[in-house]
Amino acid sequence: MLEIINISKTFNPGTVNEKRALKNVSLTLEDGDFVTVIGGNGAGKSTMLNAIAGVWPVDQGHILIDGQDVTKLPEYKRAAFLGRVFQDPMNGTASTMGIEENLALALRRGQSRTLRAGIKNNEREVYRRLLATLGLGLEERLTSKVGLLSGGQRQALTLLMATLKKPKLLLLDEHTAALDPKTAAKVLETTDMIVNRDRLTTLMITHNMKDAIVHGNRLIMMMDGNIILDIRGEEKKNLTVEDLLHKFEEVSGEEFANDKAILG
Amino acid sequence: MNIMNLINALPGAAAQGLIWGIMAIGVYITFRILDIADLTVDGTLCTGGAVCIMMMQSGQNVWVSMAVALAAGMAAGMVTGLLHTFMGIPAILSGILTQLGLYSVNLKIMGKANQAINVDKFDLLVSLRYIKGVPFYKNTILIVSVAIIALILILYWFFGTELGCSLRATGCNDKMARAQGINTDFNRVLGLMISNGLVALSGALLGQYQGFADVNMGRGAIVIGLAAVIIGEAVFGKVFRNFGFRLLAVALGSIIYYFVLQIVIWLGIDTDLLKLLSAAVVAVFLAIPTWKGRYFSKPVNKGGA
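In order, the protein sequence lines correspond to chains R and C.
So for the first sequence, the working numbering puts the first residue at -8; every next one is plus one.
So for the second sequence, the working numbering puts the first residue at 6; every next one is plus one.
Simulated from the structure, these hints should not be mistaken for laboratory data.
Backbone N, C-alpha and C define an ideal beta-carbon position, used for all residues, glycine too.
Nothing false has been slipped in among the hints.
Capping the alpha-carbon separation at 25 Å, the derived lysine to aspartate or glutamate pairs in DMTMM-like fashion look like this:
1. C:LYS243 to R:GLU91
2. R:LYS63 to C:ASP179
3. C:LYS180 to R:ASP60
4. R:LYS136 to C:ASP179
5. R:LYS68 to C:ASP190
6. R:LYS156 to C:ASP190
7. R:LYS157 to R:ASP202
8. C:LYS243 to R:GLU131
9. R:LYS111 to C:ASP179
10. R:LYS157 to C:ASP179
11. R:LYS227 to R:ASP24
12. C:LYS180 to R:ASP50
13. R:LYS227 to R:GLU(-6)
14. R:LYS201 to R:GLU165
15. R:LYS63 to C:ASP190
16. R:LYS136 to C:GLU238
17. R:LYS159 to C:ASP179
18. R:LYS227 to R:GLU21
19. C:LYS180 to R:ASP171
20. C:LYS297 to C:GLU238
21. R:LYS228 to R:ASP183
22. R:LYS136 to C:ASP40
23. R:LYS68 to C:ASP40
24. C:LYS180 to R:GLU165
25. R:LYS157 to R:GLU91
26. C:LYS180 to R:GLU91
27. R:LYS156 to C:ASP179
28. C:LYS180 to R:ASP79
29. R:LYS68 to C:ASP179
Listed below are several chain R residues computed to face chain C (Cβ distance under 8 Å; list not exhaustive):
30. GLU66
31. SER86
32. THR87
33. MET88
34. LEU96
35. ARG99
36. ARG107
Work the whole structure out from these sequences, hints included.
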C-alpha cells in the first residue's frame, strides 16, 4: 500500500541550523497495516509523515502509494490518497465554517471543485448518521461553527473528515497529544473504531508507549532520522513497555530518557 | 452651518457611498475571506476608471467599457496573486508592487494624469448629474443599488459552491485546505482576481460618476474599503449573521462612511485633514479586537477539552 524507498530530508542545509531529519529511510506498509510510530523529540516521526503527505519535497528517494509514485505530486494532489489528522486540533478544521461545511469539504477530497452546490441536502443525512457514531451529540449541531467546539470534539470531527472519503492511507500525527487523558482515550477509541470498520491502512505517531503497544499490528521506533526498531505479529502482541525500553537500549546503546514517552 | 446644505448633500454622499461600497465588498473578500490585506486596490480602482473612460472616449458602449474595466482589474489581481503564490512574495508586498506598477500602467492608459468625460456627450450609466431631476430609472442611486444587490446575490451563490467553499477554507485554514485536496495557491489567485475585478468595476462607475479619471483617484482606497468593512461589522455585525447580509453590511458601512464624511465637511473641518482622520479611525477600529483580548477578556479555563 505504502512504499517509502530510501528517502532523506535535510532542513536548512549549509547553515548552522542544518538538521538531517530523515536519513535514507525505507518502509513498506501492507494493505490494512495499522502501524504505530514512537521515538523521542526530533527523531523524525513527524518529518516522515510530512514527507508522505508532501508538505515539502524530499531531497532523495521515492514514495509510492498503491504502486503509484507520488514523490513529485504537490500536497493538495496527494490528498486524494491520504486522510490526515494533526497534533493541533486547530489545524484540521476550518473554524469559521460550520460542521456540515467542513464535512462537505472533506467529502470532495480528491475531486476538482466545481460550481455545483458546496453541500447537497442528501449529504446531511449521511453526516448526521456518521456524527452520531462519535457519541458527542454533534449530529444535532450540523450548522454550528467548528470554532465553538472543544479540542476533543474537533479532533473527533477531523478524524471523521479524514476518513469520510476512504483514504488509501490514514496519517495520524500525535493526534491525541494536545488533549487531556480522558478525551485522548476517547479519541483513540474512535480511531480504533473507524480504522477497524473501514480496514484502513494507518500510520499513527504517538508519544505514549502504552498506546503504541495496545493499538495496531506493528510498531516502529525512530531515532535520529532512522527507523531503529520494527516489531510486528506475535512479538508485537506480547510486547510490554519494559520490553520496549530494553530493546531500545539494546539497539541504541542509550537509556531511554523521555519521561513523557514512558509515563504517557 | 445651514442644515439644508447638509441634507442636500446627502443623496450625493449616498451615491458615492454605494459606488465605493462595491469596492469595499472587494476588500471584504480579500481581507475577511482570504485573510490578505491586498494593497493592489489603490491602483486597481484607477485602472478601472481609466480603462472605462478611455474606452468610452473612443466610442465604445458603456457596458463593454465596464466589462473591459472589470477584466483589467482581474488581470491586476492575477499579477498580485502570482507574485504571492508563484514567486513566494509576502501578500502585502505583492500588493504594493502591483500597485506601484499600476501607477505607470494607468498613466499609459490615459496618456496623461487625468481624462475627463462629458456627461452631455456620452451615454453614462451613472453621474452626479443623475441624482436629482432625472427619471427614476436613470437615477444613479437606484442603478448602483440594483447593481450591488445583484453582485451580492452572485457572490452569495458563488461562495456556496464547491469552489467558493474551498476558497473560504483556504482563507480560514490553508493547512487544512491542502489536506482536503484544495489547491490553495489557485484559490488565492482566484480570490484576488474576483476582489480586484470588483474594485475596478467600482472605479469604472466612480470615473463616470465624477466625470473624470485621475491617476490619484485610488489613493487610500484600501483604507476607505477597510473603514466600510469595519463600520459595517460594528453597526450590523450583531444583526446580520448570514453571509449575504454581511456583504450588504459592508455596502451600508460604506454609505455611513460617506455620510460621516459629509457631516465632517459640513462642520467646516479642513478637508486636507480628511485622510488623516480616516486613517486614525480605521487604526482605532482595527485595534479593537486586540484591546478587547488584552484588557477586557475574562479569565478562561485553559486546558481540558
